[in-house]
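Novice: First to last, the protein sequences are chains A and B.
If you read the first sequence in this note's numbering, its first letter stands for residue 9, the second for the next number, and so on.
If you read the second sequence in this note's numbering, its first letter stands for residue 7, the second for the next number, and so on.
Because the hints were derived from the structure by calculation, they are not lab data.
Be aware that one or more of the hints could be misleading.
As the list claims (entries may be wrong) - Simulated pairs of lysine-lysine, DSS-like, Cα-Cα distance not exceeding 30 Å:
| no. | chain 1 | residue 1 | chain 2 | residue 2 |
| --- | --- | --- | --- | --- |
| 1 | A | K50 | B | K21 |
| 2 | B | K17 | B | K63 |
| 3 | B | K63 | A | K10 |
| 4 | A | K114 | B | K17 |
| 5 | A | K75 | B | K21 |
Quantities reported herein were computed from a predicted structural model and do not represent experimental measurements.
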Amino acid sequence: QKEVEQNSGPLSVPEGAIASLNCTYSDQGSQSFFWYRQYSGKSPELIMFIYSNGDKEDGRFTAQLNKASQYVSLLIRDSQPSDSATYLCAVNRYNFNKFYFGSGTKLNVKP
Amino acid sequence: GAGVSQSPSNKVTEKGKDVELRCDPISGHTALYWYRQRLGQGLEFLIYFQGNSAPDKSGLPSDRFSAERTGESVSTLTIQRTQQEDSAVYLCASSSSSTQTYGYGYTFGSGTRLTVV
Numbered sequence: 009q010k011e012v013e014q015n016s017g018p019l020s021v022p023e024g025a026i027a028s029l030n031c032t033y034s035d036q037g038s039q040s041f042f043w044y045r046q047y048s049g050k051s052p053e054l055i056m057f058i059y060s061n062g063d064k065e066d067g068r069f070t071a072q073l074n075k076a077s078q079y080v081s082l083l084i085r086d087s088q089p090s091d092s093a094t095y096l097c098a099v100n101r102y103n104f105n106k107f108y109f110g111s112g113t114k115l116n117v118k119p
Numbered sequence: 007g008a009g010v011s012q013s014p015s016n017k018v019t020e021k022g023k024d025v026e027l028r029c030d031p032i033s034g035h036t037a038l039y040w041y042r043q044r045l046g047q048g049l050e051f052l053i054y055f056q057g058n059s060a061p062d063k064s065g066l067p068s069d070r071f072s073a074e075r076t077g078e079s080v081s082t083l084t085i086q087r088t089q090q091e092d093s094a095v096y097l098c099a100s101s102s103s104s105t106q107t108y109g110y111g112y113t114f115g116s117g118t119r120l121t122v123v
């Protein structure tokens, strides 16, 4: 079983819609959770992090965490074509030295 | 520097040759990480340096892989006797001690694309 699982997609949504990206993790001891965006041929960039159960909102982005279900999601409201990228979920365990990354979900936002 | 700098950006090498990849972290960042990303895959942790502490090498896939870092400066990742399965993008990231606890100080370089033919 992989540490972090993501649906590879592609997930296609029309411009202006809500995109919902999901991630599950295997280690119940995981403490912090991150979403990175990676454009094709570029390096990942951090867009959200969350530690506590519930929702965390930042602009058009909302991260949701449910530790009981070992589930973290990212919602993108009013999706734009510029949001088209691969979104990587990353999980940090009992130490902060290593982040375990999922394989990413490719998002296509159609104009 | 302003960002994490990696060189070369692309490297094509013959199977069996040794390669050396370089990472220059953001000035003042004490932590440095190497990750590998195969085509269409997620990031695979390789090694972590924190200041002058012993590095965490637990992610290195074989003894053909090694990395060095002197103090808080440049790091080099060396792959000996390269194999075709080593073909990937090698990403370096750095973070400062004040932000790494929560991870959001993690800044990636643009990567080195290694192709073994």
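Novice: Quick check: which numbered hints come out false for this structure?
Specialist: 5
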